[in-house]
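**Student:** Sequence:
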Amino acid sequence: MTGVTTKPRKRARWTVTAIAICASLISAGTVEARPYTVVSCDSAGLFGHSSAAWAPFANAGSTYATCPSGGGSFAGISDRLTGATYGGFSFSGHAFNAPPGTSITGIRWAGRLARDNCSWGAYIRALPSDAAVIGLPHNQFCTTSGWDTRGWPMPYSVPSGTTRLEQLAVCGARECSPGAAAHTHNVEVTIEDPAPPSISLSGPLASGRWVSGANSHP
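Our numbering puts the first residue of the sequence shown at 1, with every later residue one more than the last.
Hints are not guaranteed to be accurate.
Derived Cβ-Cβ restraints for the label pairs, each shown as a range [claimed, not checked]:
| no. | residue 1 | residue 2 | range |
| --- | --- | --- | --- |
| 1 | T190 | G45 | 34 to 40 Å |
| 2 | G101 | S73 | 36 to 42 Å |
| 3 | F74 | A131 | 23 to 29 Å |
| 4 | S177 | Y156 | 27 to 33 Å |
| 5 | T82 | T149 | 17 to 23 Å |
| 6 | S177 | T37 | 35 to 41 Å |
| 7 | G71 | A95 | 34 to 40 Å |
| 8 | E175 | A95 | 38 to 44 Å |
| 9 | T82 | T37 | 29 to 35 Å |
| 10 | D193 | W152 | 25 to 31 Å |
| 11 | S145 | G70 | 20 to 26 Å |
| 12 | L46 | P128 | 29 to 35 Å |
| 13 | A84 | C142 | 20 to 26 Å |
| 14 | A195 | D116 | 41 to 47 Å |
To be clear, the hints were calculated from the coordinates, so they are not data collected in a lab.
Glycine is no exception: its CB is placed at the ideal position from the N, C-alpha and C atoms.
Build out the structure end to end from the sequences listed, making use of the hints.
**Tutor:** See the structure below:
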């Protein structure tokens, strides 16, 4: 028979082999869930220093992001209540929400937290547990007015089942004289995704049809 070459058949054989390998991986259960890390601000230098994973929310004060921080005292992912007297539970904050179906297992952080008196909170908390993870909650650690680890990121654990982290500068009394501030420079949040990645196969080869390189479309 003339006009017949082996190249299309060889190409098809390689593709069928690849499909067989993928199918064997799926059936063997080797595709497993894996943790991954979301980096922000100075930690996200390779990705444009984005702070988008931390959404601002506040009812008072100043909430902003200046990234890269350059190590500045008032830069980074920032929340400030200064220059005025604030009513009870006035706050400025940023929040990180885990994607649906996942949970947060840890945070690596560096920055600066400061307050003028113990009525203020300047800290990062985990939800839904409401546990303080980093810093100075209001009416706690009253002999400490600041927390400064700029340039020295450190790992912190979070309670099991954490789905949200909040950075807060918050008035924890009926009235608070100024002020308090929270500034995150480096932050890496580790996410655990219990759902393994999926592999789907489609097209004529997946349905058992023999396809040559010159005719590979259904």
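**Student:** Hint by hint, where does the structure go against what was stated? Just the numbers, ascending.
**Tutor:** Hints 1, 7 and 8 contradicted; others consistent.
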